[in-house]
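*Asks:* Residues per chain are reported as follows:
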Amino acid sequence: MSLVLNFSLAYFRVLVISFYQFGGYAMQMPTPDATVLSRKAGIVARLQEVLPRDAVISDEMETRAYECDALTAYKCPPLAVVLPASTQEVSAVLKVCHEMGVPVVPRGSGTSLAGGALPTADCVLLGVARMNDVLETDYANRFIRVQTGRTNLSVTGAVEADGFFYAPDPSSQLACAIAGNIAMNSGGAHCLKYGVTTNNLMGVTMVQMDGTIMEIGGKHLDAGGYDLLGLICGSEGQLGVVTEATLRILPKPEGARPVLMGFDANEVAGACVADIIKAGVLPVAIEFMDRPCIEATEAFAKAGYPMCEALLIIEVEGSPAEIEEQLALILEIARKHNPVELREAKDADEAGRIWLGRKSAFGAMGQINDYMCLDGTIPVAELPYVLRRIGEMSKEYGLDVANVFHAGDGNMHPLILFDANKEGDLELCEAFGADILRLCVEVGGCLTGEHGVGIEKRDLMLDQFAPADLEAQMAVKDVFDPHWLLNPAKVFPLAASESRRSVALAAE
Amino acid sequence: MRPETEAELADMIASASGPVCVRGGGTRGVSLDGSVLETGGLSGITLYEPGSLTLVAQSGTPLAEIEAALDAEGQRLAFEPMDHRGLLGTSGAPTIGGVVAANVSGPRRVSVGACRDFVLGVRYVDGAGTIVKNGGRVMKNVTGYDLVKLMSGSWGTLGVLTEVNLKVLPKPETAACVLIDGLSDADAVQAMAKALASPFEVSGAAHIPVGLDGHPVTMLRIEGFAGSVAYRSDQVAGLFGDMAVRVERDPAAVAKGWAWVRDVEAFHGQPGDVWRVSCTPTGAAELAATIGAEALLYDWGGGLVWARVAAGTDVRARLGAFDGHATLVRGSGQAKFQPEPAAIAALSRGLRLKFDPEGILNTGLMG
Ligand SMILES: Cc1cc2nc3c(=O)[nH]c(=O)nc-3n(C[C@H](O)[C@H](O)[C@H](O)COP(=O)(O)OP(=O)(O)OC[C@H]3O[C@@H](n4cnc5c(N)ncnc54)[C@H](O)[C@@H]3O)c2cc1C
Ligand SMILES: Cc1cc2nc3c(=O)[nH]c(=O)nc-3n(C[C@H](O)[C@H](O)[C@H](O)COP(=O)(O)OP(=O)(O)OC[C@H]3O[C@@H](n4cnc5c(N)ncnc54)[C@H](O)[C@@H]3O)c2cc1C
Numbered sequence: 001m002s003l004v005l006n007f008s009l010a011y012f013r014v015l016v017i018s019f020y021q022f023g024g025y026a027m028q029m030p031t032p033d034a035t036v037l038s039r040k041a042g043i044v045a046r047l048q049e050v051l052p053r054d055a056v057i058s059d060e061m062e063t064r065a066y067e068c069d070a071l072t073a074y075k076c077p078p079l080a081v082v083l084p085a086s087t088q089e090v091s092a093v094l095k096v097c098h099e100m101g102v103p104v105v106p107r108g109s110g111t112s113l114a115g116g117a118l119p120t121a122d123c124v125l126l127g128v129a130r131m132n133d134v135l136e137t138d139y140a141n142r143f144i145r146v147q148t149g150r151t152n153l154s155v156t157g158a159v160e161a162d163g164f165f166y167a168p169d170p171s172s173q174l175a176c177a178i179a180g181n182i183a184m185n186s187g188g189a190h191c192l193k194y195g196v197t198t199n200n201l202m203g204v205t206m207v208q209m210d211g212t213i214m215e216i217g218g219k220h221l222d223a224g225g226y227d228l229l230g231l232i233c234g235s236e237g238q239l240g241v242v243t244e245a246t247l248r249i250l251p252k253p254e255g256a257r258p259v260l261m262g263f264d265a266n267e268v269a270g271a272c273v274a275d276i277i278k279a280g281v282l283p284v285a286i287e288f289m290d291r292p293c294i295e296a297t298e299a300f301a302k303a304g305y306p307m308c309e310a311l312l313i314i315e316v317e318g319s320p321a322e323i324e325e326q327l328a329l330i331l332e333i334a335r336k337h338n339p340v341e342l343r344e345a346k347d348a349d350e351a352g353r354i355w356l357g358r359k360s361a362f363g364a365m366g367q368i369n370d371y372m373c374l375d376g377t378i379p380v381a382e383l384p385y386v387l388r389r390i391g392e393m394s395k396e397y398g399l400d401v402a403n404v405f406h407a408g409d410g411n412m413h414p415l416i417l418f419d420a421n422k423e424g425d426l427e428l429c430e431a432f433g434a435d436i437l438r439l440c441v442e443v444g445g446c447l448t449g450e451h452g453v454g455i456e457k458r459d460l461m462l463d464q465f466a467p468a469d470l471e472a473q474m475a476v477k478d479v480f481d482p483h484w485l486l487n488p489a490k491v492f493p494l495a496a497s498e499s500r501r502s503v504a505l506a507a508e
Numbered sequence: 509m510r511p512e513t514e515a516e517l518a519d520m521i522a523s524a525s526g527p528v529c530v531r532g533g534g535t536r537g538v539s540l541d542g543s544v545l546e547t548g549g550l551s552g553i554t555l556y557e558p559g560s561l562t563l564v565a566q567s568g569t570p571l572a573e574i575e576a577a578l579d580a581e582g583q584r585l586a587f588e589p590m591d592h593r594g595l596l597g598t599s600g601a602p603t604i605g606g607v608v609a610a611n612v613s614g615p616r617r618v619s620v621g622a623c624r625d626f627v628l629g630v631r632y633v634d635g636a637g638t639i640v641k642n643g644g645r646v647m648k649n650v651t652g653y654d655l656v657k658l659m660s661g662s663w664g665t666l667g668v669l670t671e672v673n674l675k676v677l678p679k680p681e682t683a684a685c686v687l688i689d690g691l692s693d694a695d696a697v698q699a700m701a702k703a704l705a706s707p708f709e710v711s712g713a714a715h716i717p718v719g720l721d722g723h724p725v726t727m728l729r730i731e732g733f734a735g736s737v738a739y740r741s742d743q744v745a746g747l748f749g750d751m752a753v754r755v756e757r758d759p760a761a762v763a764k765g766w767a768w769v770r771d772v773e774a775f776h777g778q779p780g781d782v783w784r785v786s787c788t789p790t791g792a793a794e795l796a797a798t799i800g801a802e803a804l805l806y807d808w809g810g811g812l813v814w815a816r817v818a819a820g821t822d823v824r825a826r827l828g829a830f831d832g833h834a835t836l837v838r839g840s841g842q843a844k845f846q847p848e849p850a851a852i853a854a855l856s857r858g859l860r861l862k863f864d865p866e867g868i869l870n871t872g873l874m875g
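These protein sequences, in sequence, are chains A and B.
Under the numbering used here, residues 1 to 508 are what the first sequence spells out, in order.
Under the numbering used here, residues 509 to 875 are what the second sequence spells out, in order.
One or more of the hints may lead you astray.
Distance condition first, Cα-Cα at most 20 Å in a straight line; then the derived EDC-like pairs of lysine to aspartate or glutamate [stated by the list, open to error]:
| id | chain 1 | residue 1 | chain 2 | residue 2 |
| --- | --- | --- | --- | --- |
| 1 | B | Lys641 | A | Asp419 |
| 2 | B | Lys862 | A | Asp469 |
| 3 | A | Lys278 | B | Glu581 |
| 4 | B | Lys844 | B | Asp771 |
| 5 | B | Lys862 | A | Glu471 |
| 6 | B | Lys679 | B | Glu794 |
| 7 | B | Lys862 | A | Asp478 |
| 8 | B | Lys702 | A | Glu60 |
| 9 | A | Lys278 | B | Asp771 |
| 10 | B | Lys641 | A | Asp425 |
| 11 | A | Lys193 | B | Glu588 |
| 12 | A | Lys278 | B | Asp742 |
| 13 | A | Lys302 | A | Asp349 |
| 14 | B | Lys702 | A | Asp133 |
| 15 | A | Lys395 | A | Asp425 |
| 16 | B | Lys702 | B | Asp758 |
| 17 | A | Lys395 | A | Asp419 |
| 18 | B | Lys702 | A | Glu471 |
| 19 | A | Lys302 | A | Glu254 |
| 20 | B | Lys702 | A | Asp469 |
| 21 | A | Lys278 | B | Glu681 |
| 22 | B | Lys679 | B | Glu581 |
| 23 | A | Lys75 | A | Asp54 |
Covered stretches of chain A (chain B as the covering partner; in silico rule of three or more C-beta atoms under 8 Å from a C-beta of chain B) [as the list claims (entries may be wrong)]:
| id | region |
| --- | --- |
| 24 | 30-42 |
| 25 | 231-245 |
| 26 | 250-261 |
| 27 | 455-465 |
Think of the hints as simulated: they come from the structure by calculation, not from any bench.
All residues carry an ideal CB built from backbone N, CA and C; glycine is no exception.
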C-alpha cells in the first residue's frame, strides 16, 4: 500500500504543478451571474437556516480551501461552501439553491484531474466529505452500503478483515471519495478483470436539484425500467447529488503473482498482449512501459528492469497451482515473441520488485521533467500503430514522450515531457497532447478512459462527437436538471450548452 | 418497413405518420400497435478483433451468426443471453439488437455482469429520425454521458438501435458443476451465498425445487482452465461436506444443465404466466413463498426468481413492497414492467419525451 501512496503523491504533485497553470490553454468559464453574486448575503442566510452553523462557509479566506481540485491551474473560490451531514441536509440545501437560482458544484475529495469539481464564483460548492459512514455490510449478499464521502480505500478497509474487497482501485484511492468515483466512473489497475465503477455499482440515493430524494437500484441486480443508475454513473455531478451508494464487494482471491517480460520492439509487445488475450487467459493486470519510461524509472527506483524497447508486467490470480497454470501458458506465448527477458517472481519480495518500477513511474518521470499526462483509450489492436505515430509526432514536435499504460484495455497514459521554464514549450506540449487525443479518436478510441471530461477536455468533445450526439446527452440533463444549475459549465463545450445555461439565468 | 441502411431507417422514422413497432427476430411474439419496422435488413458483423475482445455488429444480425463467429475464435458473449423461444412458444431468429434492447442476461450475470456491462457503444435512430452514437469500441471510456446503459434495456422505446459494439470474452477451456441434492429453498439460498462468497469464482448458482428427477437440486458452476476447474470444484464441494454433494465434470453435461437453467426449460410447455423477479438473494426463498407459484426456479444465487403462476395472478400484489422488481415475461393482464416510484417515473417519462417527442416508438410498452 505504501507503494501506491508514494506513487499517488508523486503523481499528484508533479502533474498538477507542471501543466495547467500556464496561459496557453486558458480554459474559459462562463461569466458569473451578477444577480447571484449580489444576493450572497441572502443566500448564505437561507443556507444557515437549513444547516448547522459550522456547515456553511462564506468567509472568503475559508472558501479558498475549495477553490480547485487536482487540476490546480484553474482556481476560483465559490460564493459559499456547504458541508451537509445527511441526505436530508443535502436536499434542504438544494431546495434553497433551486429556489434562488444558484448553481451548485458537488465535490467529493477534490482529486479530479479534469477540473470536474472546479467552482464558479457564483456557485455553492456542496462537499460530501462529512458523510463518510458505512451504513450496512452484507457478506451473504456481497454488498456494502456507504455514504458517498467515504474514501475508496476505506471501503475496502471496512471489509478486508473479512476477506472481501471493493474492486475499482484508482491510484488516488487513498484520497478520492466514492462520490467522485461514481461521478467520473473511475477505473483502476485491476479493471481488466473486475470492470470500472459502473460495473460494481448496485444502487444510489440521489438528490435532484429541486431537492427530491430518490433511491435508484438497490440490493438487487438490474433495473426494472430504464437503467438510470448506469446513466448517473459517469455524469460528472450534472444530474444529481449522490449521497449514498450500494457497492458490490468481492471475495479476495487466494493469491496473485506478476511476471515481467521485455521485448525489443513495441509492436512485438503489442502482439504478445493480443496473443495472450486470444489464448483465453484473463490476467488481472497487463501494464506496458516503453524505453523512455523504463530508463526514467530505472534511474529513479532502481528496480533492476532490463533496458529494452518495451516491457510488460502481467499479473494473474488464484491458488498457487492455478497461478502456475496460467503463467505457464503466458510464458509459452511470450517465448514465441523472442523476449529479451522473462522474469518470474519466486516470492513476495521479487513480486514487489517487479511492481516497484511501474508504481514509481510517474514519480520518476517527474524527477527528470515536467510532464503532461494524457488519458485516451484506443482499441488494443491499434497499439503498435498508435505508438509509432506518437513516436513520429514526438520528433515533429521536438518533445519526448514516455508511455506507460494499461495494455489489456487500451487505456493509455502517454506522458509528454517538457520544460515549464522554456518559453513556448507548454503551448507546444498542449498542442501535441490534443493531437494525441485526436489520434486516439481517429483510430476508434476516445478522449478519456477514466479521468473524465470536466473542463479539461470539454472543448475537444466535438472531435469525438457530432452535434446531434452531444444534443442527445444534453437532453438528458434537461430532464434531470431543467434549469441547468448543477455543475453547468462542465463536460459540454460552452458554446454548445450556452442556450440552455442562458435560459436558466433568464428564468430567474 | 425493412430498411437496408441506417440512413434509410432514419428517413422512415422521420417520415413515419404513426406508431412504429420495432422488431428484431420477433421472438417476443407480442405485437404492438403501429407499422412493423424490421431490423433484419441491417445485418452483419462489421468488425471483429479477437485480440481486442471487441465485436461490432449491425443490430439485425442474428444472434446465431454472432455466436458462430465468436465460437470460431474460442470466444463468447459472457453474459449468456437466453433463448426465449421455448419459454414463449415463439419462432424466429433472435437478433443482437433485440438482446441489447431487452438487456438479456443469463446465469453468468451473477459473476461477470449483465448484457449492459458488455455493451461498449451503440448507434441508434431516435424517435425524431436523428442518428446518434454513444460510447465507442474501447473498454474504458468516460467521454460524456453513458447513453449506452440507457439504451440497453429500453426495449426500443427510446430509439432503434442500428449498431452495437460488444466486449467479448474467451471461452473457458472447461467447466464443472457442483450439485447438491435435496436442499429446501431456504437452505439452498444460503448454500449459494456461501459458494459465491468464496474465492473460487463460481460463475453460476441456481436452485431448482423440482429438478428433472423430481427432487430439489442446487447447481454451482465453475469454469476455467482444466487444472483450476478441478481444484476449485473440489474446494467448492468441500464447503458442503455435510450435504449430499456430487461433482459433474463432463463439460457437455454441464453446458446442457446450464442451458436448461438459462432458458428456463422446466417451464416449457407448462401452462400459466411466467414472471421474473429480481430481488436480494438471501431473501429470495421467503419472498418467493409469498407468490404461491406452481413452479419456481432460482438463479443468480437467489437474486433472480422465475415463477410460473396461474394465468392472471397479480404477482406484484402478492409480493408487496420489496427491494427489487417483477417483470411479466409470459402472459397478459398485468403490466409487463414494474411500476416505478413517482419521482423515477417522472424521469423515465421525461427521457422518453426527449428521445421520442411524438411518442411513436413501441407505443404502449414500458408504461
Ligand atoms: C494522483 C492521482 C491519481 C489518480 N488516479 C486515477 C486512476 O487511477 N483512475 C481514475 O479513474 N482516476 C484517477 N484519478 C482521478 C480522480 O482521483 C478520480 O476522478 C476520482 O474519482 C475523483 O474523486 P473525488 O472524490 O476526489 O471527486 P472530486 O474531484 O471532488 O469530484 C469529481 C467529480 O465528481 C462530482 N461529484 C463529487 N461529489 C459528488 C456527489 N456527491 N454527487 C454527484 N457528483 C459529485 C464533482 O462535481 C466532479 O465533477 C487520479 C487523481 C490523482 C490526483
Ligand atoms: C426479463 C426478460 C423478459 C423478456 N421477455 C420477453 C418476452 O416477453 N417476449 C419476448 O419475445 N422476448 C422477451 N425477452 C427477450 C427476447 O426473447 C430475446 O432474448 C431477445 O430480446 C430477442 O431478440 P429479438 O431480435 O427476437 O427481439 P424482438 O422480439 O424482435 O424484440 C425485443 C424487444 O427489443 C426491441 N428491439 C428489437 N430490435 C431492436 C433494435 N434494433 N433497436 C431497438 N429496439 C429493438 C423490440 O421492439 C422489443 O421491444 C425477454 C428478455 C428478458 C431478459
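*Asks:* In ascending order, which of the hints set out earlier in this document are inconsistent with the structure?
*Replies:* Hints 1, 6, 8, 9, 10, 12, 14, 16, 18, 19, 20, 23, 24 contradicted; others consistent.
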